[in-house]
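**Q** In order, the protein sequence lines correspond to chains A and B. Quick note: the first sequence uses our numbering, first residue 3, plus one each step. Quick note: the second sequence uses our numbering, first residue 3, plus one each step.
The set of hints was computed from the structure by calculation and includes no laboratory data. Check before you lean on any hint, since a few could be wrong.
Just so you know, same-sequence chains aren't split out, so a pair can sit in one copy or run between any two.
[Stated by the list, open to error] With a cut-off of at most 20 Å between alpha-carbon atoms, the simulated SDA-like pairs for lysine to any residue come out as follows: (1) 30 / 368; (2) 439 / 188; (3) 24 / 7; (4) 439 / 187; (5) 276 / 266; (6) 24 / 75; (7) 439 / 468; (8) 439 / 335; (9) 30 / 435; (10) 76 / 459.
There are 2 protein chains.
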Amino acid sequence: MVHTTALPRNETGIETVLGILKQRFGEKFQTGQSIREQHGHTTTWIVNQAPDGVVYPQDTDDVSQIVRICAAHKVPVIPFGTGTSLEGHVNAPAGGISVDLSEMNRILAVHAEDLDVVVQPGVTREDLNTHLRDRGLFFPIDPGANASIGGMAATRASGTNAVRYGTMKDNVIGLEVVTADGTVMRTANRAKKSSAGYDLTRLMVGSEGTLGLITEITLRLQGIPEAISAARCSFPSVDAACQATMMAIQYGLPVARIELLDVLSVRAINTYSKLDLPEEPLLLLEFHGSEASVAEQAETFRAIVEEVGGSGYRAAATTEERNRLWQARHDAYWAMQTLRPGTQAFATDVCVPISRLAECVTASQAKLAELELIGPIAGHVGDGNFHTALLVDMDDAQERARADAFTGWLADLAISMDGTCTGEHGIGQGKMPYLEKELGPATVTMRAIKRAMDPHNILNPGKIVAV
Amino acid sequence: MVHTTALPRNETGIETVLGILKQRFGEKFQTGQSIREQHGHTTTWIVNQAPDGVVYPQDTDDVSQIVRICAAHKVPVIPFGTGTSLEGHVNAPAGGISVDLSEMNRILAVHAEDLDVVVQPGVTREDLNTHLRDRGLFFPIDPGANASIGGMAATRASGTNAVRYGTMKDNVIGLEVVTADGTVMRTANRAKKSSAGYDLTRLMVGSEGTLGLITEITLRLQGIPEAISAARCSFPSVDAACQATMMAIQYGLPVARIELLDVLSVRAINTYSKLDLPEEPLLLLEFHGSEASVAEQAETFRAIVEEVGGSGYRAAATTEERNRLWQARHDAYWAMQTLRPGTQAFATDVCVPISRLAECVTASQAKLAELELIGPIAGHVGDGNFHTALLVDMDDAQERARADAFTGWLADLAISMDGTCTGEHGIGQGKMPYLEKELGPATVTMRAIKRAMDPHNILNPGKIVAV
Numbered sequence: 003m004v005h006t007t008a009l010p011r012n013e014t015g016i017e018t019v020l021g022i023l024k025q026r027f028g029e030k031f032q033t034g035q036s037i038r039e040q041h042g043h044t045t046t047w048i049v050n051q052a053p054d055g056v057v058y059p060q061d062t063d064d065v066s067q068i069v070r071i072c073a074a075h076k077v078p079v080i081p082f083g084t085g086t087s088l089e090g091h092v093n094a095p096a097g098g099i100s101v102d103l104s105e106m107n108r109i110l111a112v113h114a115e116d117l118d119v120v121v122q123p124g125v126t127r128e129d130l131n132t133h134l135r136d137r138g139l140f141f142p143i144d145p146g147a148n149a150s151i152g153g154m155a156a157t158r159a160s161g162t163n164a165v166r167y168g169t170m171k172d173n174v175i176g177l178e179v180v181t182a183d184g185t186v187m188r189t190a191n192r193a194k195k196s197s198a199g200y201d202l203t204r205l206m207v208g209s210e211g212t213l214g215l216i217t218e219i220t221l222r223l224q225g226i227p228e229a230i231s232a233a234r235c236s237f238p239s240v241d242a243a244c245q246a247t248m249m250a251i252q253y254g255l256p257v258a259r260i261e262l263l264d265v266l267s268v269r270a271i272n273t274y275s276k277l278d279l280p281e282e283p284l285l286l287l288e289f290h291g292s293e294a295s296v297a298e299q300a301e302t303f304r305a306i307v308e309e310v311g312g313s314g315y316r317a318a319a320t321t322e323e324r325n326r327l328w329q330a331r332h333d334a335y336w337a338m339q340t341l342r343p344g345t346q347a348f349a350t351d352v353c354v355p356i357s358r359l360a361e362c363v364t365a366s367q368a369k370l371a372e373l374e375l376i377g378p379i380a381g382h383v384g385d386g387n388f389h390t391a392l393l394v395d396m397d398d399a400q401e402r403a404r405a406d407a408f409t410g411w412l413a414d415l416a417i418s419m420d421g422t423c424t425g426e427h428g429i430g431q432g433k434m435p436y437l438e439k440e441l442g443p444a445t446v447t448m449r450a451i452k453r454a455m456d457p458h459n460i461l462n463p464g465k466i467v468a469v
Numbered sequence: 003m004v005h006t007t008a009l010p011r012n013e014t015g016i017e018t019v020l021g022i023l024k025q026r027f028g029e030k031f032q033t034g035q036s037i038r039e040q041h042g043h044t045t046t047w048i049v050n051q052a053p054d055g056v057v058y059p060q061d062t063d064d065v066s067q068i069v070r071i072c073a074a075h076k077v078p079v080i081p082f083g084t085g086t087s088l089e090g091h092v093n094a095p096a097g098g099i100s101v102d103l104s105e106m107n108r109i110l111a112v113h114a115e116d117l118d119v120v121v122q123p124g125v126t127r128e129d130l131n132t133h134l135r136d137r138g139l140f141f142p143i144d145p146g147a148n149a150s151i152g153g154m155a156a157t158r159a160s161g162t163n164a165v166r167y168g169t170m171k172d173n174v175i176g177l178e179v180v181t182a183d184g185t186v187m188r189t190a191n192r193a194k195k196s197s198a199g200y201d202l203t204r205l206m207v208g209s210e211g212t213l214g215l216i217t218e219i220t221l222r223l224q225g226i227p228e229a230i231s232a233a234r235c236s237f238p239s240v241d242a243a244c245q246a247t248m249m250a251i252q253y254g255l256p257v258a259r260i261e262l263l264d265v266l267s268v269r270a271i272n273t274y275s276k277l278d279l280p281e282e283p284l285l286l287l288e289f290h291g292s293e294a295s296v297a298e299q300a301e302t303f304r305a306i307v308e309e310v311g312g313s314g315y316r317a318a319a320t321t322e323e324r325n326r327l328w329q330a331r332h333d334a335y336w337a338m339q340t341l342r343p344g345t346q347a348f349a350t351d352v353c354v355p356i357s358r359l360a361e362c363v364t365a366s367q368a369k370l371a372e373l374e375l376i377g378p379i380a381g382h383v384g385d386g387n388f389h390t391a392l393l394v395d396m397d398d399a400q401e402r403a404r405a406d407a408f409t410g411w412l413a414d415l416a417i418s419m420d421g422t423c424t425g426e427h428g429i430g431q432g433k434m435p436y437l438e439k440e441l442g443p444a445t446v447t448m449r450a451i452k453r454a455m456d457p458h459n460i461l462n463p464g465k466i467v468a469v
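Isolated chain A (complex conformation) (with noise of 0.2 Å):
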């Protein structure tokens, strides 16, 4: 386990706010232990940091309620969604309160003819794909996990589909905030674009619960392709594969997902999934448009795959066959912790310019053998992304040293090559040194923005810059 530092605990605060939480909220307000220990739970090695209560708010002013109780009494306040993040967002290292949005799960509005819709921050991505998909709309941003909408605009998650569509800074619209005093903002309006003042929607993407908690989200939708098709095909190398990718990437092709499996990984889930792909590099790959231009993708990615050596390229005959393909990378995570089993899977997370893709791989896995350390690796590589999954056996001290060793490493490598030590995960508490490296003088700019806009450091603290 990673340990990080249990920051001061305000007692007398986080004891009185107990108290009037537990009288405004009723049922809808829980210390129970096991639930507690729920809310700090993240899809991690970081340790749990279980807040001391989870309150439930049912609607808007129920969240500004509880950050003015908070506020007034300077207790923590942090946000959860569905807990599948990774680098330790949801803990709670000074205690105070989660703030669970899972019962704010409305769909507010679909406006059809704007191809944008408004939601309350515990919709799942798949509870609104399928809310959607009687309008021919789909969202298109797919982070793996049925994560909540309102988590992933706070991670600035993405995922397969990003190389096409964006990451959720490309794909939400507008938000309303509940500040740190308990003020509702709304940081746009629905207007495709704006130029209207400091861009508040894209400083609270990616802010992690610690500049405001989002209890709205008005995102843009895309109409659901009028085809589809789904294509693998494997390669001699990792470096081969990482070419063809660049060369579509150069090529403008309009590529919707292209997603990279190392030789460990291809082996994890041809076991997990049942398949009998070729165990080498492989790519999976999907492609959106009209009939004509899907197949004219397929054709243009074909020759490309000809061209550095690749081959067994196969479209994908039928939707069925497609979505097994997909479920199975979906499915990628759970997959390789049956590689080694009794470890616990830790996902690294970096993204490098795509021209220094193939290296950055290449060096990884040869940094995996050195440190004698088991690592499959999958990417969202045509944005250069990609994420090693360590399997580590938690009881051997050693070996965890490796794996720590190992992640920042990479971290280091990344940052080295002009790239950031995380491309969809975020910082959190796991990847607060790294930022540093990272960015160094912009992270006094960001320290400057949390104080002015959290002067107490009740939003979410100990999270992404300290203060």
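Starting from the known structure of chain A, fit chain B onto it as the hints suggest.
**A** Just chain B now, kept in the frame of chain A:
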């Protein structure tokens, strides 16, 4: 003329700084009246408020030194690109130093493999595209004017291509910024996406020089499409043209440009650019992609045109014809002024959800008639963004008052439609009251950020939010 309030001047500080800059920058520091007035000038009717001196830094270190000198004496610093902004952005209401970045005009690195480029702020978009052409690359954002990239980033510019390629917020990867105390910070590395901390890139984009001076910009590039085709078609009403636009967007047609000109605008460009377009509401379009894709897009749009009763769909037969059409569109601002010689044009800039566009444009035309104003309309309608060029006899106080009334009425209408008072021109001095109306409580947070990042209010004071 619109007179904006002059702010208190720090005469002692200004006097001191003038002396220091003269000594430090020699010929690169100018205080002649005509140069100073040029640097207060914008394409606007807001009254000129000239700075006390104009300095021409040669590199980031110069900018940092200038800011340090001004910070030490609490003297305003106003960044200047090409002076094509429209809302008094470069005015100096409290005096101070205009930092003319036009001599920082080097293209520092083209990363063709990564589809990005690193430029200094004084590079103009036309110079950039000329430089990129041989590499088969282009930078898509086109606000009409040959603006500087720094200015475009600072005002979150967009223009005709935004419907497909987004605005500056979508196309700036990272920035180098000199902050209020002269510190040089980078907001992001070159990775295509990142979740590393607060999105300072997007906070700076559109901050109009009020939070820092942009000294370097990393931009996303596009490959020049294999095929580009343009088309035009006429409609019986603005409403029908907007319907066609909305249908194209809903259909997911990846149109690169879709521009509306109303009857008055068509008449103006017919005269100015010697064209013979039918004097009806007109859409100008451009399609980018492969040969097959472009043909398919055009065919799809043609079907939409027929469905809404449009006529005279005509593809530009040659590159020359295409360029002529787009040159005419670019010259529309000048063409419009010839409709009523001796007047000054004043461009409004609202942006509304596309479902409200037809209603907003039609209501604007009715209001113009009611107020006896002449205001041709042209718009980036794929984004729901349009401009009315009010042609105002500046000697007629009553007419000026009616133009003012129209501008306020239109901003209110757009806001009531869940839109914005500015799609792309920015707030500057001219739109400050509308920003308050539009985002209310959010402006409190904007002020807090401004104070945190610029505690002595020296960075382009009196713009966006008053502090």
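**Q** All hints are to be evaluated individually against the structure, with a verdict given for each.
**A** Structure-based check of all given hints:
no.: 1; hint: 30 / 368; result: neither (51 Å within a copy, 53 Å between copies)
no.: 2; hint: 439 / 188; result: between (33 Å within a copy, 12 Å between copies)
no.: 3; hint: 24 / 7; result: neither (29 Å within a copy, 52 Å between copies)
no.: 4; hint: 439 / 187; result: between (33 Å within a copy, 13 Å between copies)
no.: 5; hint: 276 / 266; result: within (15 Å within a copy, 66 Å between copies)
no.: 6; hint: 24 / 75; result: within (15 Å within a copy, 54 Å between copies)
no.: 7; hint: 439 / 468; result: within (14 Å within a copy, 35 Å between copies)
no.: 8; hint: 439 / 335; result: neither (28 Å within a copy, 48 Å between copies)
no.: 9; hint: 30 / 435; result: neither (37 Å within a copy, 42 Å between copies)
no.: 10; hint: 76 / 459; result: within (8 Å within a copy, 30 Å between copies)
Hint compliance for this structure: hints 1, 3, 8 and 9 are not met, and every other hint is.
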